[in-house]
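A.B. asks: One-letter residues, chain by chain:
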Amino acid sequence: MDKTVISVQNLTKQFMKQKAVDNVSFSIREGMICGLIGPNGAGKTTIMKMLGGLVIPTAGTIEIYGGSGEKELAHARSRMSFMIETPYAKEKMTARENLTKQCLQKGVPDTKRIDEVLKIVGLGDTGKKKVGNFSLGMRQRLGIAGALLTKPEIMVLDEPVNGLDPEGIIEVRELLLRLNRENHITILISSHILSELSQMCTDYMFINNGKMICFRSAEELRKECSDYFYIHTDNDPLAAAVLSEKLSVSQFDTDTDGSIRLWERLDDIRLISKTLYENGVIPLSMYVHEANLEQYYMNMVGDHDAEHNKISDLHNEA
Amino acid sequence: MMLNIIKSQIYIMKRDIYYLWATALTLMYFSVIAIETFQGYLSGEVLTGSIIAAFMTGDMTIVFFLFAVLFSSRIAGWDFTDKTLNYEVIYGHKRSSVYFGRAIVGICSGLLRSAVVVVVAVVIPTIILGWGWSVPAGEMILRYALITLELVRLMAFVIMMSFVARSNVAGAFAGFAAGLIPLMVTGLADIETEEMHTFSWLVSSLSISEVSSFENYTSDYVLGSDIIVFTDRIEPHTAMLMSVMAVVCTAVYLLAGYAVFRKSDIH
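For the record, the sequence lines run as chains A and B.
The first sequence maps to residues 8 to 325 in the numbering used here.
The second sequence maps to residues 76 to 342 in the numbering used here.
The set of hints was computed from the structure by calculation and includes no laboratory data.
From a predicted model like this one, the values you see are computed outputs, not experimental measurements.
A hint or two may mislead.
Simulated crosslink set (PhoX-like; lysine-lysine; CA at most 20 Å straight-line) [unchecked claim]:
hint	chain 1	residue 1	chain 2	residue 2
1	A	Lys-99	B	Lys-338
2	A	Lys-119	B	Lys-338
3	A	Lys-119	A	Lys-158
4	A	Lys-135	B	Lys-89
5	A	Lys-24	B	Lys-338
6	A	Lys-26	B	Lys-338
7	A	Lys-137	B	Lys-158
8	B	Lys-158	B	Lys-82
9	B	Lys-158	A	Lys-97
10	B	Lys-82	A	Lys-99
11	A	Lys-97	B	Lys-338
12	A	Lys-137	B	Lys-89
13	A	Lys-78	B	Lys-338
14	B	Lys-89	A	Lys-136
15	A	Lys-137	A	Lys-99
16	B	Lys-82	A	Lys-119
17	A	Lys-97	B	Lys-89
18	B	Lys-158	B	Lys-89
What follows is a set of in silico ranges between Cβ atoms, one per label pair, in the way DEER data are often shown [as the list claims (entries may be wrong)]:
hint	chain 1	residue 1	chain 2	residue 2	range
19	B	Ile-216	A	Asp-117	31 to 39 Å
20	B	Lys-89	A	Asp-122	19 to 27 Å
21	A	Lys-78	B	Ile-137	42 to 50 Å
22	A	Asp-117	B	Met-259	51 to 59 Å
23	A	Asp-117	B	Ile-110	50 to 58 Å
24	A	Glu-92	B	Ile-202	53 to 61 Å
25	A	Gly-131	B	Ala-331	44 to 52 Å
Even glycine gets a Cβ: it sits at the ideal position worked out from N, Cα and C.
Model the full structure from these sequences, guided by the hints.
C.D. replies: This is the structure in structure tokens:
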């Protein structure tokens, strides 16, 4: 997973007086399933639209497969598939007719592929039913079918499970995981259903108010979202040494304020406090912190909003 | 890649009932005016291809105008409404292919339907009845060629407006306004068009209105029959000016529309 397929540097989009995307930079390597997480209006869809060429960046660069010129990006997009916002379809045409039209647009000569993708997404028996009579879930499936027509190398999906029932969500998740595993397809996916993303993503980007908050691998995020033991003492460096040497603890780290976060031996609070005390360390605060992805996300967004408001207040005062 | 855009547009047109309705209603209108025009030919004059062409071309031009505006605006502007155009961009088509592919289909579609009307209304009667003496064939061919160039100019304008406004309705409205307002203004102000072979005449619908109609004629008696001979002729320099202006305006409109589309966000 070493080759970078998408590289974005200082990407900015300003609409009138509002910055929808503000100086965002990230790289996506081949084979990643990258989750793009943020609240409504955070800039997720705008980033995807800029990758797709629908929205022209105000500043910054986009490189896909190493190319950044208009011609190179157009060629790169032919190797990608996008599903942005509500999938489009001609309402007075059937699913098959819509996919036939897309085959013509994409230059896909083999219309047998239409049968394959309709079967994959469970729309093989829609027959002459017009798309105008489809449910939202069926339209989402048709959008995914369209995205699969050309056997893409990269898929950019904006909330692909929106409107699907639980069974449909599982099917889409398993489909995407299979495509990534068997065909090495790189996937950039946004969703509000964090628990769903946590079951498939290898990496995560958190975005709020148009700014990138952080980029974490699944491993890093798992660590940050696990329950941990918070310890603050009168001598945190000594406390860390005692934990390591006396209790053979290895899964811990120290925060910027020196406090310790411990991810093992969460049931041994008495032993830990006794050992610290016996070695001259006085515990000032100790508790088990229960975390999950949603809480992690809410905390991060909340902190970012607080920082954003603080900066705005400073500007207003000035 | 542009070829893929063109193929998909043709596929859509075959399945979009709008085009069927637009064609049917326009032809119904043409049928009504054709019947009205020929009610005066129940006796007397010999009916020939040249008589039909001379009398009908003015009315046919209205039909050409309707085809041009209705088809080019729909092809250029409708796909903004359901994101067909969005997906062509994200499929990897360059914006130039998306724009000019549609322009080609829009213009060809309008011209093709207009050509069918000419074949049915003029060519087939000519084959059956003969051309006659009312207008030289070369004069009519020149006029049809100029009408074609003017229609292309009009369609380029409609396509530009449809892309700028991202709406087929706005494009059609602009086309109708461009076609009708100059005629209404000159009619209300009682301005003689001979006085107006100027730049404004060349870029407006007044030019197409003049080349599609005959004002002056005389009567003659040939081979035992009364015939009407139309004496209006398009001057060579007028034809040259019209041609050059039509080509220049077409290029300007299409390039201006593309310049706006190329740098605009598509939502």
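A.B. asks: All hints are to be evaluated individually against the structure, with a verdict given for each.
C.D. replies: Evaluation of the provided hints:
1. A/Lys-99 - B/Lys-338: Outside the cut-off at roughly 31 Å; violated.
2. A/Lys-119 - B/Lys-338: violated (37 Å)
3. A/Lys-119 - A/Lys-158: OK: A/Lys-119 and A/Lys-158 at ~13 Å, within 20 Å.
4. A/Lys-135 - B/Lys-89: Satisfied, since the Cα-Cα distance of roughly 17 Å is no more than 20 Å.
5. A/Lys-24 - B/Lys-338: holds (19 Å)
6. A/Lys-26 - B/Lys-338: holds (18 Å)
7. A/Lys-137 - B/Lys-158: holds (17 Å)
8. B/Lys-158 - B/Lys-82: Given that 20 Å is the threshold and the Cα spacing comes to 17 Å, the pair holds.
9. B/Lys-158 - A/Lys-97: Holds, at roughly 9 Å.
10. B/Lys-82 - A/Lys-99: holds (19 Å)
11. A/Lys-97 - B/Lys-338: Violated: A/Lys-97 and B/Lys-338 sit about 26 Å apart, past 20 Å.
12. A/Lys-137 - B/Lys-89: holds (16 Å)
13. A/Lys-78 - B/Lys-338: Answer holds: A/Lys-78 to B/Lys-338 is near 15 Å, not above 20 Å.
14. B/Lys-89 - A/Lys-136: holds (18 Å)
15. A/Lys-137 - A/Lys-99: The given pair, whose Cα atoms are some 6 Å apart, holds under the 20 Å limit.
16. B/Lys-82 - A/Lys-119: holds (18 Å)
17. A/Lys-97 - B/Lys-89: holds (13 Å)
18. B/Lys-158 - B/Lys-89: With a Cα-Cα distance of about 19 Å, the restraint between B/Lys-158 and B/Lys-89 holds, given a limit of 20 Å.
19. B/Ile-216 - A/Asp-117: 31 to 39 Å: At roughly 46 Å between Cβ atoms, A/Asp-117 and B/Ile-216 fall outside 31 to 39 Å, so the hint is violated.
20. B/Lys-89 - A/Asp-122: 19 to 27 Å: Given a distance of about 22 Å, which is inside 19 to 27 Å, the answer is holds.
21. A/Lys-78 - B/Ile-137: 42 to 50 Å: Roughly 44 Å apart at Cβ, these two residues keep to the hinted range, so it holds.
22. A/Asp-117 - B/Met-259: 51 to 59 Å: For A/Asp-117 and B/Met-259 the Cβ distance comes to about 54 Å; the hint holds.
23. A/Asp-117 - B/Ile-110: 50 to 58 Å: Holds - the Cβ-Cβ distance for A/Asp-117 and B/Ile-110, about 51 Å, lies within 50 to 58 Å.
24. A/Glu-92 - B/Ile-202: 53 to 61 Å: holds (55 Å)
25. A/Gly-131 - B/Ala-331: 44 to 52 Å: Given a distance of about 46 Å, which is inside 44 to 52 Å, the answer is holds.
Violated hints for the displayed structure, listed by number in ascending order: 1, 2, 11 and 19.
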